[in-house]
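Visitor: Line by line, the protein sequences are chains A and B. With the working numbering, letter number 42 in the first sequence gets 42, and the count goes up by one each step, no holes. With the working numbering, letter number 87 in the second sequence gets 87, and the count goes up by one each step, no holes.
Hints should not be assumed to be uniformly reliable.
Selected chain A positions facing chain B (in silico; Cβ < 10 Å) [claimed, not checked]:
id : residue
1  : LEU22
2  : THR41
3  : GLU46
4  : VAL64
5  : ILE84
6  : ALA86
7  : MET90
8  : PRO115
9  : VAL181
In case anyone wonders, no lab produced these hints; they're calculated from the structure. Where a beta carbon is used, it is the ideal one built from N, C-alpha and C, also for glycine.
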Amino acid sequence: MAKPDRGDDVTLNRGRGLVLGLTVALVGGLSAALLTLPANTPRLAETALSRTPESEVLNPVTAVLLNFRGYDTLLEVAVLLLAIIAIWSMARQARVWIKLPDTPVLATFVRLVLPLMVIVGGYLLWLGADLPGGAFQGGAVLGGLGVLWVAAAVWLPPAWFRRLLRPALVIGLLAFLLVAVAVMFPGGLLLAYPPEQAKNLILLVESAAVISIGVTLTLLFIGGIPTRGDA
Amino acid sequence: MLPSATLYAIAGVALFGLGFYALVAYPHLLRKIMGMNIMGTGVFMSFVAIAYRGPEQTADPVPHALVITGIVVAVCATGLALALATQISTRTGITQLTPDEEK
Numbered sequence: 001m002a003k004p005d006r007g008d009d010v011t012l013n014r015g016r017g018l019v020l021g022l023t024v025a026l027v028g029g030l031s032a033a034l035l036t037l038p039a040n041t042p043r044l045a046e047t048a049l050s051r052t053p054e055s056e057v058l059n060p061v062t063a064v065l066l067n068f069r070g071y072d073t074l075l076e077v078a079v080l081l082l083a084i085i086a087i088w089s090m091a092r093q094a095r096v097w098i099k100l101p102d103t104p105v106l107a108t109f110v111r112l113v114l115p116l117m118v119i120v121g122g123y124l125l126w127l128g129a130d131l132p133g134g135a136f137q138g139g140a141v142l143g144g145l146g147v148l149w150v151a152a153a154v155w156l157p158p159a160w161f162r163r164l165l166r167p168a169l170v171i172g173l174l175a176f177l178l179v180a181v182a183v184m185f186p187g188g189l190l191l192a193y194p195p196e197q198a199k200n201l202i203l204l205v206e207s208a209a210v211i212s213i214g215v216t217l218t219l220l221f222i223g224g225i226p227t228r229g230d231a
Numbered sequence: 001m002l003p004s005a006t007l008y009a010i011a012g013v014a015l016f017g018l019g020f021y022a023l024v025a026y027p028h029l030l031r032k033i034m035g036m037n038i039m040g041t042g043v044f045m046s047f048v049a050i051a052y053r054g055p056e057q058t059a060d061p062v063p064h065a066l067v068i069t070g071i072v073v074a075v076c077a078t079g080l081a082l083a084l085a086t087q088i089s090t091r092t093g094i095t096q097l098t099p100d101e102e103k
């Protein structure tokens, strides 16, 4: 039975009460579990915090993300690439460089804000070593920049620029893999950074990752291989 | 008076519940994808909040690092799901699941 305000979105009448009941039970149960959590339980925090100095970075989250649990992050950067490959293999014909209404306000705003966002993204990346920030936060800002750029279409990129997209997509994973393997050669383990080099390696990996993350997020928004001339 | 971290964690659970209801109760694919996304957001919010366990302890950096990667993976999953839904809709014209038995 269609509700008038939902267009063609026919809601399933049968079992809605059941779903509602289940949802309420789920939320209630999870909330009760949260309220009865013991205050002091063994956690990884003490280990992570006490060994953060070995990473030569002051931000424990960055130390965990890029060093102690580097394996997770490495695979996560691979997931970004996989998502783009999957989307590109479905939508070969790109549809988007959206052209929003061509107002001087929008164009001026975007021209002003784009270089600022590059600086903010880079600053967040640099800050991540010691304070909250890092490749993912910086990459998110760059992704926002990309979306704004695409949506406002202030400058359609020429062919050589679009040829840089693929290298930009893979550079994060490539740099991460190279660093991960390179530290094995003095007799170390995969992803086990030598402490005296840890900060440089983390920043190297993050600098490559921020580019890939930013480009990936923008291309996820476009949802297909960008081409010129169909804007 | 609840500590604010617990309040945030419960708000995350509420978001999770909202998303879960939308995912199961509505047949439209876009609603399901959005529901899944909101469920994920709720999980992240709760996970970040329960990293704070009492004012005398510093926040656990491990859940925070996992959530940072998780958010980006969730964006990818949503993007991929939207691309799949777009393909389903352009190829078949179907935008929502049909009930097994029409009444």
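Visitor: The structure should be examined with respect to each hint, and the outcome stated for every one.
Guide: Against the structure, the hints:
no.	hint	in the structure
1	LEU22	holds, 8 Å
2	THR41	holds, 7 Å
3	GLU46	holds, 9 Å
4	VAL64	holds, 4 Å
5	ILE84	holds, 8 Å
6	ALA86	holds, 6 Å
7	MET90	holds, 5 Å
8	PRO115	violated, 24 Å
9	VAL181	violated, 21 Å
Figure legend: structure checked against the earlier numbered hints; hints not met, in rising order: 8, 9.
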